[in-house]
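Chains Y and P, in that order, are what the protein sequence lines are.
Residue 40 in this note's numbering is what sits at position 40 of the first sequence, and the numbering runs on without skipping anything.
Position in the second sequence (first residue = 1) + 1000 = this note's numbering.
Don't read these hints as lab results, they were simulated from the structure.
Among the hints, a few may not be true.
[Said to hold, decoys possible] Not everything, but these chain Y residues come out facing chain P in the computed CB check (under 10 Å):
hint	residue
1	S35
2	G92
3	Y95
4	R229
5	W291
6	K292
7	L359
We treat Cβ as the ideally placed atom computed from N, Cα and C, and that holds for glycine.
Each chain, written out:
2 protein chains.
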Amino acid sequence: MKELINQYKNGLLEDVIPFWSRYSLDKVHGGYLTSLDRKGNVFDTDKYAWPIGRQIWTYSKLYNEVEKKPEWLAIAQSGAEFLVENGMDEDGKFYFSFDQQGNSLKKPSNIYSDCFAALGFSQYYKASRNAKYRTLAREVYDRIEKRWSNPKHIFNKETGIRPMMGMGKLMLDANMALEMEGVLDNDTIISLKSNSIRKLLTHHYDEKVELFFENVAPDGSHPDTVDGRLIVPGHAVESMWMIMDLAAQTNDIKTIQKATDITIKMLSYSWDDQFGGIYYFMDWKNKPMQWKLDWDQKLWWVHNEALIALLKAFHHTRRADVWSWFKKVHTYTWKYFPDPEFGEWYGYLNRRGEVLLDLKGSFKGCYHLPRSLYECWKTLEKIAHDNDKS
Amino acid sequence: MKELINQYKNGLLEDVIPFWSRYSLDKVHGGYLTSLDRKGNVFDTDKYAWPIGRQIWTYSKLYNEVEKKPEWLAIAQSGAEFLVENGMDEDGKFYFSFDQQGNSLKKPSNIYSDCFAALGFSQYYKASRNAKYRTLAREVYDRIEKRWSNPKHIFNKETGIRPMMGMGKLMLDANMALEMEGVLDNDTIISLKSNSIRKLLTHHYDEKVELFFENVAPDGSHPDTVDGRLIVPGHAVESMWMIMDLAAQTNDIKTIQKATDITIKMLSYSWDDQFGGIYYFMDWKNKPMQWKLDWDQKLWWVHNEALIALLKAFHHTRRADVWSWFKKVHTYTWKYFPDPEFGEWYGYLNRRGEVLLDLKGSFKGCYHLPRSLYECWKTLEKIAHDNDKS
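Let the sequences and hints guide you as you build the complete structure.
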């Protein structure tokens, strides 16, 4: 057990974080250069709002939870200041991308940029205690809420005759409910929490077919369309561990059990029995993936999120089947993703587990992997602690 | 040689066209159901403007050039009438997609829908001699020209600080110059022709690095960005055979030689020496493909277009290296893409040449493959004719 704990802890503190601290900082223009190749060289200098907001979050979180290292706070600060200076258009919407100097390249067409900025600012406020970032995080959150009815605003290409509800907003609600206590008011937190748990577990998870759907019709039904049949196993398990964390706040073991069941069902459904690993996209009726040419690839974040969900589920339930699933995903993940030669992990493997893209950065950024290593490390410590007690 | 001619001719007339005639017709609502699985079953009933415009073109072309089969004309008519009834918004812009009944699902955000409608209407006018479609084709063309400065209109997400010119517009210009004689006036045809040849050969092909670039800056330079470094071998060879056809109209052998050189250089550059086949996307500086997770896949259309370019190049130049490249691409293509069990061809193979998606339709549609079989058949006949003379 101690070895397992150290594997995650050292992976975080001796491999992944040093890689990003060493290679991703733009000491001239601020913010982060996230297009890093296998060795950490910057292969492209454009900057993207998603990975910047996420990296602010990661370094702030480490500062808040692991160690008060001034270096980590300074790295978080650099990203936060870059986003404040360059991130928003005149309405406070976050651009999608920037050149190295911070000039905006792509207009705000994607509200997730705003969500990751809110999460980054919120965690950075807790690290810096600079009230400006608390205000900013709140303001960004308020604008997100106002925009959710049509998050792509003018860029929405749908005519509206077939409305669908994605799970993304609900997962972000769960994430913000976990992260933004002390920043948002309590009523907001409570409503984000109850609404996201309820809809994720009852609308997006279908008890009858025992699958978690990425998109559902407003009445919860599954139109027999490409979007309506789409299964994204990584999103399913990512949202399940957030639900477990929220439910644990009130010792709601019934909800934790349900999220555990869904995690196991989704992993059984999406595991590649031939080559191992979790598929990226699937179709409920096993119809051809019309648009997703990358459906059979094995992505780092899917496996990172599955590991978190499995360990949290085991911590709460002590179910043997959950532990054996953890061992299975753990073994696959550590066999195929890490790059012992140049550090950090590969992000994109083909179905066979061979490296498809050997980059370390790009949209991959500094987020899912360090978050997973951190959450697994801490959850394994709790499991070990419980073992000692019994 | 006769065997080779029959391979392409029979592939077209005894395999591919019967498959689409049998499975893709919507006899209730008109138009085509292009989401066909391996066996030809409709797995999704949504309709898309691109493949409808393209299938109108294919059946009209066969009617005009191969045989005056009433069945082919009726199939073309069904698609043309569907697009006239349902295809356009109040400004005459083509929607991207529709439900089976023809209600629009996605707004006009992509001007290529309009281009394929113009090409389809134009060829269908020549088949039906119904002047309404000549007028329509002209009107659609006029609107395309007006929109080209900002083809995505409100859906354009670029802030404009880094303008880039794609090759797509120029290839479509070349295509329309070849296809729309008798529909557009002569001055327009001449200007489309000279402009597209010049820019494709001098802006997008870079003599110094000997590569054809998908996007260039307005001054023809190559910004060191993801877009600026992008190489799409399939588009390069597709545009080269169109240039050969245009140049052949005036016996411009110098231009044909140059297009031949570019074809061979691009195939040498993009051939997968390990597993065979032509890569889908590449990066000029061999940097990681940040967004294109499908970069190493082998797509049917890339190989279809390469075969056309190689045969036309050989027909005009009789170069031995061109013929040996044709044999190489021909052998790979016929080994991996056709599905002898259920007919038609697979569209999407992984790097190893294994079937990634076993569908026959989707955006694949009834276009690149029948066009390639037709063009190769006819060009091989010309080559055989020249052989007989010598």
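Hints and how they fare:
1. S35: holds (6 Å)
2. G92: Where the cut-off is 10 Å and the nearest Cβ of chain P is about 16 Å from Y/G92, the hint is violated.
3. Y95: holds (8 Å)
4. R229: Constraint on Y/R229 satisfied, holds at 9 Å.
5. W291: Check passed: Cβ of Y/W291 comes within 8 Å of chain P, closer than 10 Å.
6. K292: Holds - the Cβ of Y/K292 comes within 10 Å of chain P, reaching about 9 Å at its closest.
7. L359: holds (4 Å)
In terms of the numbered hints stated before, the structure departs from hint 2 and from no other.
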